[in-house]
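The task is simple: from the sequences and hints, build the whole structure.
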Amino acid sequence: MDAEAETLLFDDVDGSSAAGDASNEREAADVGSLAEPIAPEGETGPARTPDTTSPLVLAQADAEASLLTSAIRAVVTNQAMGARCAVAADFDSDGRMDLVSASSNDNAVSWYKNLGNDSTSGRPTFSIKKPISWSSNGSRIVTVADIDQDGHIDVIGASYYDNSLRWFRNVPQIYNNEDDPNDPKNGSVEGIKFEENLISDAVNEGQGVTVADLDNDGDPDIITASSGDNTIAVFKNIDKGTFCEIKEVVDSNAKGARTVVAADLNGDGLLDLASASKDDDTVAWYPNTMRNVVNHSTGATHRVGGYFDPSVKNVISNGTESTGAYSLVAADVDLDGDQDLVVASNGNDHVSLWRNDGKGNFEKTLIYDNADFVLSVTALDIDRDGDIDVASASFYDGHINWYENVDGQGYEWKNHTVYVGIQGHYVSHGDMDGDGDEDLIAAMHAENTVSVYFAQTPCDDSAISGKISRPECCHEGSQWDADTGRCLPCKVGFYGVGSGLAAECVACPTNACTVGDSENSNSNLLPATCSGIAGCADPVESIAQCSCGVDQFRDNDYDVCALCPQGQIRPDLGISRPMNTLGNYSLWEDMQGTCRIKPATVVSPLPLYIIIPVSVIVALLIFVMIYVIYRMNQTIKYRTRDVNNAPTTGLVGLLFTDVEGSTALWDEDKTTMSAALDIHHDVIRKVIDRYSAYEVKTIGDSFMIAVKCPDTGAEEGNKGSCDKLLHLANDIQQDLLHAEWPVELANMPTACTEFTNVNRFEKNGDRVEPKLTFRGLRVRIGVHVGVHSDRLSKTPSSAPSSASPGGDELSASGNRRQPASLRRSSLSSKSSQNSSTNDEDVGDTLDSISYLAGSDATGVKDTGGKHEVQVKYDVITKGYDYYGPATNCAARVESLAFGGQTLMSEEVSSRLSDECKKECLIQTVGGVTVKGVTDEVFLYSVMPRSLSGRSFRGVYRRRESDGGSILTDEDSIFRRGSHSVVSIDLSGQRKSPKDDAAMTSDVSSMTPVQLMTAVLRLRNKCRNLEYALEETHYQQSKRSLAVGVPVDRGESTNLTEGTTPENSGSDSTPPQDDIVKNISDLDDLSDRSASTPHRRGSAVSFANDLSVS
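The sequence shown begins at 1 in full-length UniProt numbering and counts up by one.
What the hints contain is simulated information worked out from the structure, not anything from laboratory work. Treat the hints loosely; a few may be bogus.
Stated by the list, open to error - With a Cα cut of at most 27 Å, we get these calculated BS3-like pairs of lysine-lysine:
1) Lys917 to Lys771
2) Lys872 to Lys686
3) Lys313 to Lys359
4) Lys193 to Lys491
What you are looking at is a predicted structure, and each value in this text was computed from that prediction instead of being measured.
Below, the structure written as structure tokens:
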């Protein structure tokens, strides 16, 4: 190399000389900067352009104490265009450390021969740049190892742009003078050349490469970090440089992976892996595990290491402590016997020590926090004081620094700036001058230089020819020889352990494939001097593991095993991969088979004596299964008894249904009624299932249904909590109207089909289309809401009482409600004004009804007990049942409804949303007193707008004899109000008031069948009365003729004075007074019926029938 560019003494330069030398350096750097942008490939964030107008910065104030700043900087080359990396190794086996570099601008992997030390300065000189490969597109990283175990150091490199991983075989050129067999040079190494071998072209944007024997088979394996696919992967060396064609993915989520190293991090004797990934700020490590491997050829099972579970990733740091994690090395910095990690993270400019507790748990100690965009770190004992120091290269400030381990434990550090240039990119180390101490090697990206910084230690005199070496200066791989007074390298068959006075050469093992340990050696590989020593695993066992598993194939684009395409298989044939397929995976695929469509299974025919019995048994089993499924479907056709839908807390909506006139319908036609009831049950259960409600029980044609009412907040009055409950009731009425009922049902009085708008015409003469209002069974529905007893609030003693009937109650807003009697009067008045339509004022009326004061979160207060619900689970029926006042109240509300009508309580109405109210027609019925409830029950008649043709007046009161409720007969007895319509005796005889109360029925409570029966009986009674009158006139006429008194038959009431039924001689003629009274009763009944609200459009008009009679 040129003498002018050879050295630069940092401690002897002044400002002018430094500026002059710096200008030469910048001139060399400018050549490289024209060929490549300053920012490295793959980096994110802005690139900074160095200030090339100022001279190079000298060392920091503590430069005098630095062992390197007083040394000579030897510029090995300034032609490594876009230098990325440089490492040391003895390639030509001459005992001197050579250099190899990777430079991305010229796509070169190059080496520089160490020509030996100058006899005067004791510093080595180097050859010019020698090519290894000049076609490594975007050459990024290189490392060295004896890949083929031939005793010569080879080179491994990854290139960024062509995604390639290569190794270059070191082939010595042996001198052989054929003309003079006695030439003493014969057999010596005249030179070397490198042969290129492609391992993979699927390392997407390779950034980091390291070498280690992960599976302990004696062959160095290669581990890569690639940022393009965020992958850490292993390439297994099967046999002397022939690699498995399948890369083993350790981590596919190391985003922006930059560096990977191998070290035993958990103390199990296996080499683990650690990585730094820039884009996710992560430092992580991956444990090496062992597993049993079966050799199909020998049948032997072996425990083999080198397996990494892709699902196991131990994150050391992934936050602000490692922002922009870029580079890391492993070393025992704190001298506690386990491998620590030194990490460079350029997002926070930190150089950090992560201390290992020996079990893979790490803790950070900051070494330096101002290494501006640091890209590389290395660990070595620079000052030969027995502890590990650290060096770094940073990009933006161009610094090459080393950090002195002051306390020897890695807690106290002192920074020394070795050199300040342009874009520091990589640092490594090696004993370049052979004096026993470690020198620093640096690659400057923009300067295109590879330089060596020689350490100044007492060992320096051993590098000068003629001077005596020091035994304390022997480095690892050598041993002090007292005879020659030198540190001699270990011979073949031996390897070095320790350094300094502890350095020695020991025999290579014959029963293992690795040497050294964490305490005495940093070697992760079998040294070149141990190549060929017995004890390593048989390559046959290694290649047996290089194969894709069952139903997998090798993806040639990514060099990984992938699953066979859908519908294809690759079975395990139970054979091991032979050695002759190594390097030719296609040949192995031909042997083990490729993914193929699964062949159809061919079954040999069975004899008939087997087929026939088996077929019969299978047929029977199928029949049984179909029957069981059918029965199960009959049982669980709808999930109406799913306990998950049963309300068990909070608001509980209760709905009761019952078919009107079912007893008469059964008497009329049992077959038709049976079919109709199946349809009735099916319709209701479909609706229950639709709303995820709960069918509590069914008795005859009556349903009891419970619905979860969500708690929408007491502040809003729980508006909308009962919407689901009312929608359920409305859907039942609508779906029943449109069900496919038996045709015969239309002829029955309480199930006949009815229309509104019949024979009605518009003003223009157009006929109004009749609207279907009733069809099929007519079901009455009662709706109420209660609250689980655990949720009932306890009214404070200071709160106004609202438990008494008709008492004043406070609304939720604090306004005092009207007394019940006044409220009922006002509502009844408003109801009479809007009896036929759902006036808009009805919604306002409902909104104006404030709900009970003192309510809890559910809005319910226990007023008269009618809101309480007790929920019990029955272990026998495997379902829930509901008891208490609210349940009884709901059943009684149902019994007050007409067929086809839905009645809801005020508790339900107050919990309807405005939207729900707009969907319905609501009429006020008023307050009704029912048995068992202290307060009156205020009711509303509600129906969907689609059923607007139905109209009802008042409520339907029935006697104890009229069944149909789910409750007991006792619970079905209701008191008649004082305002009830007149009662009549179905026998036609006038009874006393006491008998009347027990033996009569309200006209308004009669079903159509009962009304028809009553009318027919009344007609018969009227005819009997008429016959009796005629007989009376006849007898009177006979008596008059006998005495000669004329009688006018038209004056039937003017009987002869004194004549009585007793002396008339006829037992069948009723007394005159009784006849007159019964007739007047009929007139009175007719008058009352005319003024009494009719039942909705019934087939029988009671008033008309009376007038006809």
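Outcome of the hint check:
no.	hint	verdict
1	Lys917 to Lys771	holds (23 Å)
2	Lys872 to Lys686	holds (25 Å)
3	Lys313 to Lys359	holds (14 Å)
4	Lys193 to Lys491	holds (23 Å)
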